[in-house]
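Visitor: Listed below are the residues making up each chain.
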Amino acid sequence: MRKILAIGIVAILLSSCAAQVATPALGLLYTDVKAPLIATSNSGSTKVGSAECISVLGIVATGDASIEAASKDGNIKRIHHVDYQSTNVLGIFAKYKVYVYGE
Amino acid sequence: MANNSLRGGSKILPLSFLLFFFLSNPLFSQKIDKYYTSSLQDGYSLYYFLPSKSMKAQSCDCELQYDITVISSKDSATFNFSISSPTVLAISAIKIGDSNDFFEAKKLYIDKKSKTWKMRYSAMFPIKELERYFSSDSSTLRVRTENSNLDFSQKAGKWKKYSEINAQIFQLIRLNMD
Numbered sequence: 001m002r003k004i005l006a007i008g009i010v011a012i013l014l015s016s017c018a019a020q021v022a023t024p025a026l027g028l029l030y031t032d033v034k035a036p037l038i039a040t041s042n043s044g045s046t047k048v049g050s051a052e053c054i055s056v057l058g059i060v061a062t063g064d065a066s067i068e069a070a071s072k073d074g075n076i077k078r079i080h081h082v083d084y085q086s087t088n089v090l091g092i093f094a095k096y097k098v099y100v101y102g103e
Numbered sequence: 001m002a003n004n005s006l007r008g009g010s011k012i013l014p015l016s017f018l019l020f021f022f023l024s025n026p027l028f029s030q031k032i033d034k035y036y037t038s039s040l041q042d043g044y045s046l047y048y049f050l051p052s053k054s055m056k057a058q059s060c061d062c063e064l065q066y067d068i069t070v071i072s073s074k075d076s077a078t079f080n081f082s083i084s085s086p087t088v089l090a091i092s093a094i095k096i097g098d099s100n101d102f103f104e105a106k107k108l109y110i111d112k113k114s115k116t117w118k119m120r121y122s123a124m125f126p127i128k129e130l131e132r133y134f135s136s137d138s139s140t141l142r143v144r145t146e147n148s149n150l151d152f153s154q155k156a157g158k159w160k161k162y163s164e165i166n167a168q169i170f171q172l173i174r175l176n177m178d
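The listed protein sequences correspond, in order, to chains A and B.
Going by the working numbering, the residue at position 53 of the first sequence is 53; the numbering climbs one at a time, nothing skipped.
Going by the working numbering, the residue at position 98 of the second sequence is 98; the numbering climbs one at a time, nothing skipped.
Don't read these hints as lab results, they were simulated from the structure.
Treat the hints with caution; some may be incorrect.
Stated by the list, open to error - Simulated restraints on C-beta separations:
{"hint": "1", "chain 1": "B", "residue 1": "Lys128", "chain 2": "A", "residue 2": "Glu68", "range": "52 to 62 angstroms"}
{"hint": "2", "chain 1": "A", "residue 1": "Asn42", "chain 2": "B", "residue 2": "Lys158", "range": "54 to 64 angstroms"}
{"hint": "3", "chain 1": "A", "residue 1": "Lys34", "chain 2": "B", "residue 2": "Ser73", "range": "17 to 27 angstroms"}
{"hint": "4", "chain 1": "A", "residue 1": "Val60", "chain 2": "B", "residue 2": "Lys158", "range": "19 to 29 angstroms"}
Stated by the list, open to error - 30 angstroms max Cα-Cα, derived DSS-like pairs, lysine-lysine:
{"hint": "5", "chain 1": "B", "residue 1": "Lys113", "chain 2": "A", "residue 2": "Lys77"}
{"hint": "6", "chain 1": "B", "residue 1": "Lys74", "chain 2": "A", "residue 2": "Lys77"}
{"hint": "7", "chain 1": "A", "residue 1": "Lys3", "chain 2": "B", "residue 2": "Lys118"}
{"hint": "8", "chain 1": "A", "residue 1": "Lys77", "chain 2": "B", "residue 2": "Lys155"}
{"hint": "9", "chain 1": "A", "residue 1": "Lys77", "chain 2": "B", "residue 2": "Lys158"}
{"hint": "10", "chain 1": "B", "residue 1": "Lys53", "chain 2": "B", "residue 2": "Lys112"}
{"hint": "11", "chain 1": "A", "residue 1": "Lys3", "chain 2": "B", "residue 2": "Lys128"}
{"hint": "12", "chain 1": "B", "residue 1": "Lys115", "chain 2": "A", "residue 2": "Lys34"}
{"hint": "13", "chain 1": "B", "residue 1": "Lys53", "chain 2": "A", "residue 2": "Lys34"}
{"hint": "14", "chain 1": "A", "residue 1": "Lys34", "chain 2": "B", "residue 2": "Lys158"}
{"hint": "15", "chain 1": "A", "residue 1": "Lys3", "chain 2": "B", "residue 2": "Lys155"}
{"hint": "16", "chain 1": "A", "residue 1": "Lys34", "chain 2": "B", "residue 2": "Lys118"}
{"hint": "17", "chain 1": "B", "residue 1": "Lys112", "chain 2": "A", "residue 2": "Lys77"}
{"hint": "18", "chain 1": "B", "residue 1": "Lys107", "chain 2": "A", "residue 2": "Lys77"}
{"hint": "19", "chain 1": "A", "residue 1": "Lys3", "chain 2": "B", "residue 2": "Lys158"}
{"hint": "20", "chain 1": "B", "residue 1": "Lys53", "chain 2": "A", "residue 2": "Lys3"}
{"hint": "21", "chain 1": "A", "residue 1": "Lys72", "chain 2": "B", "residue 2": "Lys107"}
{"hint": "22", "chain 1": "A", "residue 1": "Lys34", "chain 2": "B", "residue 2": "Lys74"}
{"hint": "23", "chain 1": "B", "residue 1": "Lys115", "chain 2": "B", "residue 2": "Lys74"}
{"hint": "24", "chain 1": "B", "residue 1": "Lys128", "chain 2": "A", "residue 2": "Lys72"}
The beta-carbon is built from N, C-alpha and C at its ideal position, and this holds for glycine as well.
All chains should be modelled from the sequences, with the hints used to inform the complete structure.
Guide: Here it is, written out as structure tokens:
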């Protein structure tokens, strides 16, 4: 029984079932990367809002990481630029976070 | 032999979780860059303190999370906070730490997900007030509702680490201002 469990866990970690989020650079053990998503021609930022979604083992994924959710969070009406941050630990836990800058 | 390899296999899971804990818990290593973002703007810098861990109220099944936005050219910072609660709360003001003054809270939006209401509000605090809060021992945030005051707090150990990190971020902001 233990052996089956261990094989199952290894299989989850190594297969596409592992928790994954979009990232420009992937680390097998650990990923923590920030990158740009969009930039607009609007000038200046005085507000920031964030939103996130998570994935656990690639089995459960939940959250709202939309630009709309992040804008609402920061009370932003005019977007200046949007960055995102992806985090992944051993394919067990993954997080995708969006940061919206604007006014 | 087979038993030994089986025993080794059974250690993978706890070791994985231990590694996960250390890697995913920047609080442990006190890396402050995990707790804020900064953006260079025309004539000022914008600092964003990432959302805090949830703070709980003793008197109700409510949780509070906050984030802070600092503009380097201004003396006050935006303190946005979300409260999750089974009932809708009409919030009018918020007070931090041992301070005597309440600051007006402006409603941003109210949402409902499943059985929980999420209320998001915004307040403006003088930066000095926030610096004082993060250098104090009291994590308590007092929220004024139409019926009563709600106190949200964190465990002392967690607060000590978290407040030190935020104090360091404020120090960094000050150093970049000069």
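Visitor: Hint numbers the structure violates, sorted upward?
Guide: Those not satisfied are hints 1, 2, 7, 8, 9, 11, 12, 15, 19, 20, 23.
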